[in-house]
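Sequence order for the protein chains is A and B.
Quick note: the first sequence uses numbering that gives the first Met the number 0, first residue 0, plus one each step.
Quick note: the second sequence uses numbering that gives the first Met the number 0, first residue 0, plus one each step.
Treat the hints loosely; a few may be bogus.
[To be verified] Pairwise CB distance ranges (calculated):
{"id": "1", "chain 1": "B", "residue 1": "T298", "chain 2": "A", "residue 2": "S204", "range": "45 to 55 Å"}
{"id": "2", "chain 1": "B", "residue 1": "F348", "chain 2": "A", "residue 2": "S17", "range": "43 to 53 Å"}
{"id": "3", "chain 1": "B", "residue 1": "E266", "chain 2": "A", "residue 2": "S25", "range": "35 to 45 Å"}
{"id": "4", "chain 1": "A", "residue 1": "S85", "chain 2": "B", "residue 2": "F348", "range": "57 to 67 Å"}
{"id": "5", "chain 1": "A", "residue 1": "D22", "chain 2": "B", "residue 2": "V253", "range": "48 to 58 Å"}
{"id": "6", "chain 1": "A", "residue 1": "E88", "chain 2": "B", "residue 2": "S264", "range": "55 to 65 Å"}
Worth flagging that the hints you see were computed from the coordinates, not collected in a lab.
Every residue, glycine too, gets a C-beta built ideally from N, C-alpha and C.
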Amino acid sequence: MIALQQVTKTFTISPTTSFTAVDNVSLTIERGTMTILKGPSGSGKTTLLALIGCMTRPSSGRIMLQGVETSFFHATDGSEGFDSSSLPERFLTEIRRSTFGFIFQQFNLIKGISALQNIMLPAYPTGEQQPVVKQRALELMEQFDLLRHCNSPVEWLSGGELQRVAIARALINNPIAIIADEPTAHLDSQLSNTFMESIGLLKDSGKTVLIASHDPIVYNSPLADLVVEMRDGRIVGMEPSL
Amino acid sequence: MHHALSRHRNILDFALSSLLRRKAKNISLFLVYTLIIFVIASLIFFVQALKREAALLLTEAPDMVVQRMIAGRHDLIPTNYAEKISAIRGVSEVTPRLWGYYYDPVFQANYTLLVPDTAPPPPGSIVIGSGVARNLRIKTDDLVTFRSYSGTPLLLTVSGIMPLHSELVSADLVLMAAEDFQAMFRMPKGVATDLAVTVANPRELVTVANKIVEQFPDTRPILKSELLRTYDSLFDWRGGMMVVMLAAALLSFVIFAWDKASGLSAEERKEIGILKSIGWETGDVLLLKFWEGAVISLTAFLAGVLLAYGHVFFSSAALFSHALKGWAILYPQFTLVPTIDGYQLSVLFVLSVLPYTAATIIPAWLAATIAPDAAMRS
Numbered sequence: 000m001i002a003l004q005q006v007t008k009t010f011t012i013s014p015t016t017s018f019t020a021v022d023n024v025s026l027t028i029e030r031g032t033m034t035i036l037k038g039p040s041g042s043g044k045t046t047l048l049a050l051i052g053c054m055t056r057p058s059s060g061r062i063m064l065q066g067v068e069t070s071f072f073h074a075t076d077g078s079e080g081f082d083s084s085s086l087p088e089r090f091l092t093e094i095r096r097s098t099f100g101f102i103f104q105q106f107n108l109i110k111g112i113s114a115l116q117n118i119m120l121p122a123y124p125t126g127e128q129q130p131v132v133k134q135r136a137l138e139l140m141e142q143f144d145l146l147r148h149c150n151s152p153v154e155w156l157s158g159g160e161l162q163r164v165a166i167a168r169a170l171i172n173n174p175i176a177i178i179a180d181e182p183t184a185h186l187d188s189q190l191s192n193t194f195m196e197s198i199g200l201l202k203d204s205g206k207t208v209l210i211a212s213h214d215p216i217v218y219n220s221p222l223a224d225l226v227v228e229m230r231d232g233r234i235v236g237m238e239p240s241l
Numbered sequence: 000m001h002h003a004l005s006r007h008r009n010i011l012d013f014a015l016s017s018l019l020r021r022k023a024k025n026i027s028l029f030l031v032y033t034l035i036i037f038v039i040a041s042l043i044f045f046v047q048a049l050k051r052e053a054a055l056l057l058t059e060a061p062d063m064v065v066q067r068m069i070a071g072r073h074d075l076i077p078t079n080y081a082e083k084i085s086a087i088r089g090v091s092e093v094t095p096r097l098w099g100y101y102y103d104p105v106f107q108a109n110y111t112l113l114v115p116d117t118a119p120p121p122p123g124s125i126v127i128g129s130g131v132a133r134n135l136r137i138k139t140d141d142l143v144t145f146r147s148y149s150g151t152p153l154l155l156t157v158s159g160i161m162p163l164h165s166e167l168v169s170a171d172l173v174l175m176a177a178e179d180f181q182a183m184f185r186m187p188k189g190v191a192t193d194l195a196v197t198v199a200n201p202r203e204l205v206t207v208a209n210k211i212v213e214q215f216p217d218t219r220p221i222l223k224s225e226l227l228r229t230y231d232s233l234f235d236w237r238g239g240m241m242v243v244m245l246a247a248a249l250l251s252f253v254i255f256a257w258d259k260a261s262g263l264s265a266e267e268r269k270e271i272g273i274l275k276s277i278g279w280e281t282g283d284v285l286l287l288k289f290w291e292g293a294v295i296s297l298t299a300f301l302a303g304v305l306l307a308y309g310h311v312f313f314s315s316a317a318l319f320s321h322a323l324k325g326w327a328i329l330y331p332q333f334t335l336v337p338t339i340d341g342y343q344l345s346v347l348f349v350l351s352v353l354p355y356t357a358a359t360i361i362p363a364w365l366a367a368t369i370a371p372d373a374a375m376r377s
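Please model the complete structure; the sequences and the hints are all you need to start from.
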């Protein structure tokens, strides 16, 4: 479970100017559910995802992660977890690497290397042996129908294939949660629906899914358990989907 | 421990594939780097080998040379000085020497003419250095005509050519009989160019030199140690020229490293952002950039040093020997004996590989300290 308690994120632009991207947000995301953050551009969706995904720290408030196993914290039944907002960068990296899988709007794949190597990249610094990682990457490629592009450089792939490589990369370290920021922004309706089907399968396998999107295909999806509407950094609406 | 090794291996693996991705850029970096190391290492090897060569040659030089002076200039010395000097306590042998220079107006070259102490060629014949043979395009048994100081031609037969291994000093050498030498320069008998003095106890050299000056105030004794110093400063002068070249090469290296330091492309920055966002720590990115820099600098250093070794010791430093071997018209052609100064090579390693690696890491470090969420906003 991920619990945000009165989380605020303020960016200081100059000594006299600051900008509050997320303003006093409290939210609980249950394990194994799909949560959609919707709202117009600049509403704070991406910043909220970055806060939850331990990519940045909140200016105030707490982000509790429950049921997350790390080298510095061993979860026990009934434990309320730990507050990720006060952890040093080293621990945040570890959580980011092992707990969350990220899918970015621009896919953020590295050009010039193969799809397989792109998928394996997040596992390199973990010190896991390459043959083991490679085997897992190949299984993911098979799952997402990418095996024939195994050794192709990513710039040869189509938009839908790039999207699937990005999903496979997000899954390589077997994370508990998948965080996707505007994942369908560069996809047509058909590919967007296919993406949602893939994400639905991940949810079914027990992954917690968190998506920021202003695409109706995403926030109207029957797969969503919770749709959070944001505007100007605040939550303005929250509805259990369907 | 096992994980740490695996992490290094994985990141090194990715570093190699990163280098291959930017083939054109990295090959050009490698070539420039190798060229700079090649030039510097060649200079180091070359000067070191020349110094060694000179030191070896001087081991056979006499302990002391005595010259006669007139009005502060070198003059011929009467051979009867030799008998009186050999009577000084501590002197074991005094040999009058005949040597001088001859300018060949036809080929516009200077030769060194010398009458050897032992086994001089018979009158009418000469033994020549290979540089002279090359210049005059002559071989053994050919006839050579030198124009004597009386204006009459002196006809000499080449009885031999000196072997190549001694060419550093023998390239322009012509060995001849005393009679021919005296005829050549219209030199009276009973005088020599200078006297070679051997002293039994080297510690007495200065005392003997003082006694010679006391008895013969018109002479100037020159000690072997002074000769060594002169040779050393001669090579150091050439070394001074080397320092200029070295400074130029090092300067170009600094410019090259600086360019690299400030030259992290937008694509490389973006990649660092991506790596950070997918769970790489700043330390992982630095390790990646360290390996990228280390692979290029180590291979280029090795290639540069090996090429320099081949250039200096197998092709006799063909690229810049003319500039560094001195002013002689007859350039010696010889193969230098391989000699490597580990200290100088280590200094070169420290001055090139370390700054380059640092130059690779610093911009990467600046790029890697960005917040990982920056990639989400790109």
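Are any of the numbered hints broken by this structure? If so, which, sorted upward?
4 and 6
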